[in-house]
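J.: Work the whole structure out from these sequences, hints included.
Just add 28 to the spot in the sequence shown (first one is 1) and you have the numbering used here.
These are computed hints drawn from the structure, not numbers from a lab. Ideal Cβ placement from N, Cα and C applies to all residues, glycine included. One or more of the hints may lead you astray.
[Said to hold, decoys possible] Cut-off 20 angstroms, straight-line C-alpha distance, at most; resulting in silico cross-link-like pairs (EDC-like, lysine to aspartate or glutamate): (1) K479 - E497; (2) K280 - D340; (3) K42 - E69; (4) K254 - D340; (5) K195 - E69; (6) K424 - E398; (7) K195 - E64; (8) K479 - D461; (9) K195 - E322.
[To be verified] Have a look at the derived ranges for each label pair, beta carbon to beta carbon: (10) S464 - D340: 39 to 45 angstroms; (11) A90 - L387: 48 to 54 angstroms; (12) E473 - G165: 47 to 53 angstroms.
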Amino acid sequence: MQMPVPDARLLDRKSAIVARLRAALPADAVIDAPTETRAYECDGLTAYRCPPLAVVLPRSTAEVSAVLAICHDERVPVVPRGSGTSLAGGALPTADSVILGVARLNAVIETNYADRYIRVQSGRTNLSVTGAVEADGFFYAPDPSSQLACAIAGNIAMNSGGAHCLKYGVTTNNLLGVTLVQMDGTVVELGGPWMDPGGLDLLGVVCGSEGQLGVVTEATLRILPKPEGARPVLMGFASNEVAGACVSDIIKAGILPVAIEFMDRPCIRACEDFAHAGYPDCEALLIVEVEGSEAEIDDQLGRIMEIARRHDPVELRESRSEEESRRIWLGRKSAFGAMGQINDYMCLDGTIPVSALPLVLRRIGEMSREFGLDVANVFHAGDGNMHPLILFDASKPGDLERCEDFGAAILRLCVEVGGCLTGEHGVGVEKRDLMSVQFSTADMEAQMRVKDVFDPSWLMNPAKVFPLELTAGRRAG
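T.: Okay, structure coming up:
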């Protein structure tokens, strides 16, 4: 994959740049030894690696501001990094860049149950936000599979969702405000703990901007009262297409489960071996969960199971206990790790209309045979956010390239049927060269003008999102 060529003059100035950073931060907040910066050479997309010039780990908004002001003055690119769980190369450094990690920004600043919000530093992990309020009967709704590790900063950058986004929405639907530090060190507040701030919706611009516009150091998040109860049901089917048709029929019936998750046979087996969740032996599995009072749960599941029976399920089984429900979700949440135990893979993130699920699943199967690579499907079926896992052998010459070609074909198919390139993983470097499949040059030019306003020198998170041939003239010299 093509990356910008490092500026040799900048590399020669490394010692001076690091000295300025050390003068502005505590002694343990700057890392520049090659043996230590190697830990930051990639994120969750491990196929591509590049050690950065240096790494900084600030503990406050003021320290972030000082770092960015220095890098702006020195014309040093900065790559924001949460927990490094990005599957699209969103935190992949360039050789001339400084990684700015927010992992030490992990405090809870304020909790307000009356107005239902929590204010946290952006390095706090997703799951620990719920952990801070669950004893008082509240939770934070977005729940990506990596929620045990992923940082709120990265969730905001990629507008992450999760299994329960069908009912509760993704990050943008649960984000009230941010503290944003711009590339020159300027600190701005966007939004806040109120329903609808006046003026331009700059918070909506920042959420999902993939670290292109600034570094989020604090976030005000919506918290919700925990529901009375929740219960999942397992539905096993004889084929992917039949399971996809069942999802489409549930949505068309106007029923709103809290989650509809899909797994095919390769993923079912890997997850069952890992979590022993009691998954049935079938070609395709749906996990459908509803929540509310016992009466609401019984009514919704009754209607959902009636729809499922029309598709001749291999198995149809409600959870019988909280422990069984926990294991069912442990299996689904462990899917990526479980698959990683048996094979190298690349995880995609295309989104399609729910009505197109049967067609797209059939075409993925056909393309798997055409490219000679197996694929496992696991995704948020309720909103059409697909996560095909293409299996390949990283040690076999040519396999990675074949995997990339297969992935590009799947993403083109997603756009062809009326979907888009990404749902929650972002574009990063993975889909950067496919942007023209979904957007015209004029569309991308309009998007790049927004970045021009926030980051005129184009130093923030370089080489991401936009094709390099379109951005070469904008990068700082």
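J.: In ascending order, which of the hints set out earlier in this document are inconsistent with the structure?
T.: 4, 5 and 7
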